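> In the order they appear, the protein sequences are chains A and B.
With numbering that gives the first Met the number 0, the residue at position 201 of the first sequence is 200, and numbering never jumps.
With numbering that gives the first Met the number 0, the residue at position 56 of the second sequence is 55, and numbering never jumps.
Simulated from the structure, these hints should not be mistaken for lab results.
In this text, all values refer to a predicted model and were calculated from it rather than measured experimentally.
The beta-carbon is built from N, C-alpha and C at its ideal position, and this holds for glycine as well.
Heads up, a few of these hints could be off.
[As the list claims (entries may be wrong)] Simulated restraints on C-beta separations:
# : chain 1 : residue 1 : chain 2 : residue 2 : range
1 : B       : N257      : A       : E336      : 44 to 52 angstroms
2 : B       : A335      : A       : A260      : 27 to 35 angstroms
3 : B       : A260      : A       : L328      : 18 to 26 angstroms
4 : A       : R185      : B       : E266      : 30 to 38 angstroms
5 : A       : E244      : B       : Q55       : 29 to 37 angstroms
6 : A       : P269      : B       : R13       : 50 to 58 angstroms
7 : A       : E244      : B       : L328      : 55 to 63 angstroms
[As the list claims (entries may be wrong)] Which bits of chain A does chain B cover? Going by a derived footprint, with three or more residues having C-beta under 8 angstroms, they are:
# : segment
8 : 34–40
9 : 358–365
If you want the building blocks of each chain, they are given just below.
There are 2 protein chains.
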Amino acid sequence: MTLLNKDHFIELDRQDPLAQFREEFELPEEHIYLNGNSLGVMPKASKEKARKVVEQEWGQGLIRSWNTADWIHLPRRVGDKIAGIVGAAPGEVIVADSTSVNLFKLAAAALRLRPNRHKILSEPGNFPTDLYILQGLERFMDGKVHLHTQPRQEILDAIDDDTALVVLTHVHYKSGAMFNMAEITRKAHEKGALILWDLSHSTGAVPVALNNVEADFAIGCGYKYLNGGPGAPGFLFVAQRHQAELEQPLSGWFGHANAFAMSDTYEPAPGIERTLCGTTPVVGASLLEVGVDIMAAADMGRIREKSLKMSELFIALVEQRLADHGFGLATSKRPAERGSQVSLTHEHGFAIMQALIKRNIVGDFRAPDIMRFGFTPLYVRYIDIWNCIDALAQIMEIAEWDRPEFKKITAVT
Amino acid sequence: MTLLNKDHFIELDRQDPLAQFREEFELPEEHIYLNGNSLGVMPKASKEKARKVVEQEWGQGLIRSWNTADWIHLPRRVGDKIAGIVGAAPGEVIVADSTSVNLFKLAAAALRLRPNRHKILSEPGNFPTDLYILQGLERFMDGKVHLHTQPRQEILDAIDDDTALVVLTHVHYKSGAMFNMAEITRKAHEKGALILWDLSHSTGAVPVALNNVEADFAIGCGYKYLNGGPGAPGFLFVAQRHQAELEQPLSGWFGHANAFAMSDTYEPAPGIERTLCGTTPVVGASLLEVGVDIMAAADMGRIREKSLKMSELFIALVEQRLADHGFGLATSKRPAERGSQVSLTHEHGFAIMQALIKRNIVGDFRAPDIMRFGFTPLYVRYIDIWNCIDALAQIMEIAEWDRPEFKKITAVT
Chain A
0 MTLLNKDHFI
10 ELDRQDPLAQ
20 FREEFELPEE
30 HIYLNGNSLG
40 VMPKASKEKA
50 RKVVEQEWGQ
60 GLIRSWNTAD
70 WIHLPRRVGD
80 KIAGIVGAAP
90 GEVIVADSTS
100 VNLFKLAAAA
110 LRLRPNRHKI
120 LSEPGNFPTD
130 LYILQGLERF
140 MDGKVHLHTQ
150 PRQEILDAID
160 DDTALVVLTH
170 VHYKSGAMFN
180 MAEITRKAHE
190 KGALILWDLS
200 HSTGAVPVAL
210 NNVEADFAIG
220 CGYKYLNGGP
230 GAPGFLFVAQ
240 RHQAELEQPL
250 SGWFGHANAF
260 AMSDTYEPAP
270 GIERTLCGTT
280 PVVGASLLEV
290 GVDIMAAADM
300 GRIREKSLKM
310 SELFIALVEQ
320 RLADHGFGLA
330 TSKRPAERGS
340 QVSLTHEHGF
350 AIMQALIKRN
360 IVGDFRAPDI
370 MRFGFTPLYV
380 RYIDIWNCID
390 ALAQIMEIAE
400 WDRPEFKKIT
410 AVT
Chain B
0 MTLLNKDHFI
10 ELDRQDPLAQ
20 FREEFELPEE
30 HIYLNGNSLG
40 VMPKASKEKA
50 RKVVEQEWGQ
60 GLIRSWNTAD
70 WIHLPRRVGD
80 KIAGIVGAAP
90 GEVIVADSTS
100 VNLFKLAAAA
110 LRLRPNRHKI
120 LSEPGNFPTD
130 LYILQGLERF
140 MDGKVHLHTQ
150 PRQEILDAID
160 DDTALVVLTH
170 VHYKSGAMFN
180 MAEITRKAHE
190 KGALILWDLS
200 HSTGAVPVAL
210 NNVEADFAIG
220 CGYKYLNGGP
230 GAPGFLFVAQ
240 RHQAELEQPL
250 SGWFGHANAF
260 AMSDTYEPAP
270 GIERTLCGTT
280 PVVGASLLEV
290 GVDIMAAADM
300 GRIREKSLKM
310 SELFIALVEQ
320 RLADHGFGLA
330 TSKRPAERGS
340 QVSLTHEHGF
350 AIMQALIKRN
360 IVGDFRAPDI
370 MRFGFTPLYV
380 RYIDIWNCID
390 ALAQIMEIAE
400 WDRPEFKKIT
410 AVT
């Protein structure tokens, strides 16, 4: 590759077919935000939506808004929109609870569909909450199932006749590495196992075709690439073919076939609604809908194209301008194995990231040595990539990171 | 009792020491809202708080707000404030998930503390989601425990040596009947059982003294008397003495001793935080804090005094003005057995309630024949009680309820 220069990035922005989407978001002034993989930015329309749901629907409509503002169908309505983003059909996705809670529900339900098998398979280093929830399930089932983790290169071979469920995160939160969803799903099914994909770092970031690959279950996050707001509810997917027999343990009243009959006996709703538990988090789900609407209006092929171009250019600039500064690349250079982020390793990664943030360029750090840079094509520009690496080069050249203020570890970054 | 007249109610409002709290809430114009037991009204300050958390903390602060806006301690901070309302100590209450999910966590955890017992005891007609969640737990423990329900008059005798956990709702959602928390808790402990109180219709409505009665566990709702907004997160209480040994199945990353170390192995946080699961629903929990702050500033003794006076007057007016119209009283006339609502029965209850709502007097209906009227002393006036019964008397006298428009059953009321 010839040497890249700033003009090239300016030109790419000029030609970017997604450029107008940036107008839909409110970014803090003078910021380059490369952390949408952790918490997506605020759509401008979220401000008006928050006012509407709080001041009008709650404040004025009160209890009637369950009907008049259709709060009652909010989880399904937003779920159907997300279905279009992840290659599912209407009625296969619903918004509910948190990603962690949704994993518990679906993993427990999956185990009941494979009662004579004893193994849940995942990988070490999977997103922590996924492993923690599966460990909770393991304890709760008193040894009837066990969680087995196998490094990703050996995952295919580890799926065996005793495997009830495979739980993997499609795009790795730390490295940005992407699994081949079709291949692993096929292998799981060959062995009679079920599979659950965590799409937290995929939804709105890379094309996902749940029904094409015949996935069984999936969960995902509302506050990353979907821009649903801090702690937005999660979502879950159950393939139509599993719904009628699905029994999940968190059988709360919103999952009942007729909640307002107020009967003493649980009877699951016929479809995806049986995965609901408690009362819908109305404000959070309403804000999520704003982000989902924007994402649903964008072309996922174009998002992927821009995302890959951005990560490729980022990697090229790292090689071109940071070669002497001790960075490693934790993300694959093969596009098919890469989500929408690039992770660099550096022994002083924490301090370097703090120095970058001080310059209003926001990525994040994950222990022990990972610096993450997320690319969200709807609001990040090519020039942001150039400016990020330019700042990083300056920080390294004058060892700007080597100051006490950048080494102080705070609660969360 | 001598005949009550309107002036008496006006005078009571004039002398009401809680009267100024009504200014803190925004009520729809010309409405009498007697449904705060279902969905509390909006505090005026919630509007500004919604703007702050959405536009500033999310929109401008983005990921840094976990530290700068202290999102990370939000569940505990609001929990500590709720602790003061329910007679618990700081560090015993936390805000999380929904009431239903919280019940699942704590009921499952309680069963692990009584591994050789097999019975969960509740009452028929308990709030549906409580029974549904316990049924879910029963199914998922594959017959190791069973849910037994016993009518409330026989509850004390039904607690036996095989009872692991008693789960009761302190104030009944339908009848407004209130259990004697001290007596039942004592009996449970005498038999070696644990007890979990559902405070959904108690918190902010009646005095609750969890530690005085030595309760083990409790759950509660954020969107009723606490005025936290539609689908606000719930809260849960674990007595200090149980925390160190508490193992709950929904062991997500926010309950980890050190979530951001991102280790592969779950290790529970030392205190109440171990009951957390997924990422905090920041917007919902922030709005809840507004309602909790108002409630924490009010004197619960005065709230109870006004609440009882209102329900007593309501019952007296029903007897005085509606005696010939076929209403029954589903709520006890003994103050100690009454929460903060009065429920009437009527065979045409649904249509009568619709006719009332048409007149902007909002209670609600629960099948088959219950009309509920909730009294929320911080924003309901005595004159509202008079006007409600006055309207009801008119509706009955001219059979206004007997119109097709009032008999059409819509999704939720």
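> Confirm or reject each hint.
Against the structure, the hints come out as follows:
1. The hinted range of 44 to 52 angstroms is not satisfied by N257 (chain B) and E336 (chain A), whose Cβ atoms lie roughly 30 angstroms apart.
2. A hinted range of 27 to 35 angstroms for the beta carbons of A335 (chain B) and A260 (chain A) is consistent with their spacing of about 31 angstroms.
3. Checked against the hint of 18 to 26 angstroms, the pair A260 (chain B) and L328 (chain A) passes, with Cβ atoms roughly 24 angstroms apart.
4. R185 (chain A) and E266 (chain B) have their C-beta atoms about 36 angstroms apart, which keeps the hinted 30 to 38 angstroms range intact.
5. About 47 angstroms separates the C-beta atoms of E244 (chain A) and Q55 (chain B), a value inconsistent with the hinted range of 29 to 37 angstroms.
6. A beta carbon spacing of about 55 angstroms between P269 (chain A) and R13 (chain B) agrees with the range 50 to 58 angstroms that was offered as a hint.
7. The supplied range of 55 to 63 angstroms is broken by E244 (chain A) and L328 (chain B), whose beta-carbon atoms lie about 45 angstroms from each other.
8. For the segment 34–40 of chain A, the proposed coverage by chain B is satisfied: 4 residues have a C-beta within less than 8 angstroms of a C-beta in that chain, meeting the threshold of three.
9. Check on the segment 358–365 of chain A: 3 of its residues sit with their Cβ under 8 angstroms from a Cβ of chain B, so the three-residue criterion for coverage holds.
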